[in-house]
Amino acid sequence: MTQDAGLRDMAGQTESVVDGNVGWIYLDNPARLNAISLAMWKGIGDALARFEAEPSIKCVVIIGRGGKAFASGADISEFEKRRSSAADIARYDEVARTTSEKLQDFSKPTIAAIEGYCIGGGLALALLCDLRIATVDARFAIPAAKLGLGYDYRGIQRLVEVVGATAAKHIFFTAAQFDADRALRLGLLNDIVAKGELDGCIRKLGAMIAANAPLTMAAAKLCINAAVSDSEMRDTDACNRAVEACFASEDYAEGRRAFAEKRKPQFKGC
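Okay, so the sequence shown: first residue is 1 according to the working numbering, each after it adds one.
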């Protein structure tokens with residue numbers, strides 16, 4: 001696979017890289033265990049916009065650098081500067097909210113590759129991805145109750161979608177850390193891998209996803225997200241249009257031909 005040189009955010013805390021048909025977003029603030037700064041929220045959002053607009057990108061991975069954390073939460077060290085006034089708080093929250101919505105609504109499959117700490121805002125970021133793969137040493141928590149802060153509805157809704165109401169209450173009420181085995185049992189994770197095997201596992205999974213029909217995956221993601229959304233926000237007409245577009249596509253014809261010819265299909269997303 002070919003790999004481009006990548007793009008960094010202005011603060012140097014995220015990097016986006018294209019490797020074949022997979023886009024990678026690296027959280028690169030290891031000195032703070034990849035605690036998410038305002039620049040990182042913006043960098044993630046910019047990378048998502050870039051990858052959404054590039055037809056050759058079929059799948060996106062978010063991963064932390066440094067080997068000790070996916071993301072340890074918000075970068076509280078910058079709060080005095082970035083969240084000290086009402087205007088600053090509104091701007092910070094707008095950037096984080098916009099990026100979160102981009103990730104939640106992203107049309108292509110997304111994977112959180114988790115090593116080490118995945119805490120607070122880091123876990124919220126991982127939950128916005130479609131799939132989550134973690135190493136055996138991964139640790140999870142939402143410590144909001146230890147900090148006295150409120151947690152917005154959308155973030156809690158997403159946690160409930162993934163683990164259910166009872167488990168979500170336990171996670172919030174105790175604010176305690178839990179390990180990868182428990183996260184897997186709760187349904188928070190799709191799989192656990194040995195330490196040192198995360199990169200290879202994610203590359204294999206990304207390649208498997210990238211080989212499939214983009215329109216089919218986009219339609220499936222749209223329908224699945226609609227199925228777990230609030231009923232008044234459920235756009236079944238959009239779901240039906242997406243499914244119809246699959247049957248009208250060149251990829252559907254290619255899939256039928258490839259099946260008849262007993263070869264791998266070459267999908268183009270049209």
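Please note that the accuracy of each hint is not assured.
[Claimed, not checked] Heads up, simulated BS3-like pairs for lysine-lysine below, C-alpha to C-alpha not over 25 Å straight-line:
hint	residue 1	residue 2
1	Lys-146	Lys-221
2	Lys-102	Lys-42
3	Lys-102	Lys-146
4	Lys-68	Lys-264
5	Lys-204	Lys-264
6	Lys-169	Lys-42
7	Lys-146	Lys-169
8	Lys-68	Lys-268
9	Lys-102	Lys-268
10	Lys-204	Lys-146
11	Lys-42	Lys-68
12	Lys-195	Lys-102
13	Lys-221	Lys-195
14	Lys-262	Lys-102
Calculated from the structure, these hints are not laboratory results.
For each hint, the structure was consulted:
Taken as a hint, the Lys-146 and Lys-221 pair is broken in the structure, with Cα atoms around 35 Å apart against an allowance of 25 Å. Between Lys-102 and Lys-42 the CA atoms are separated by roughly 11 Å; this keeps the pair inside 25 Å, and the hint holds. Distance check on the hinted pair: Lys-102 and Lys-146 sit about 29 Å apart at the alpha-carbon level, beyond 25 Å; violated. For the suggested pair Lys-68 and Lys-264, the alpha carbons sit about 39 Å apart, so the restraint of at most 25 Å is broken.
For a cut-off of 25 Å, the pair hint linking Lys-204 to Lys-264 stands: about 17 Å separates their Cα positions. At roughly 30 Å between alpha-carbon atoms, Lys-169 and Lys-42 are farther apart than 25 Å, so this suggested pair is violated. Using a Cα cut-off of 25 Å, the hinted pair Lys-146 and Lys-169 holds, with the two alpha carbons roughly 14 Å apart. Annotation: proposed proximity of Lys-68 to Lys-268 is violated, straight-line Cα distance about 38 Å (limit 25 Å).
Using a Cα cut-off of 25 Å, the hinted pair Lys-102 and Lys-268 holds, with the two alpha carbons roughly 23 Å apart. Between Lys-204 and Lys-146 the alpha-carbon distance is near 38 Å, which puts this suggested pair outside the 25 Å criterion. Annotation: proposed proximity of Lys-42 to Lys-68 holds, straight-line Cα distance about 23 Å (limit 25 Å). With a C-alpha separation of about 30 Å, the suggested pairing of Lys-195 with Lys-102 is violated against the 25 Å cut-off.
Taken as a hint, the Lys-221 and Lys-195 pair is broken in the structure, with Cα atoms around 30 Å apart against an allowance of 25 Å. Only pairs whose Cα atoms come within 25 Å are accepted, and Lys-262 paired with Lys-102 is rejected, the gap being roughly 38 Å.
Violated hints, in rising order: 1, 3, 4, 6, 8, 10, 12, 13, 14; the structure is consistent with all others.
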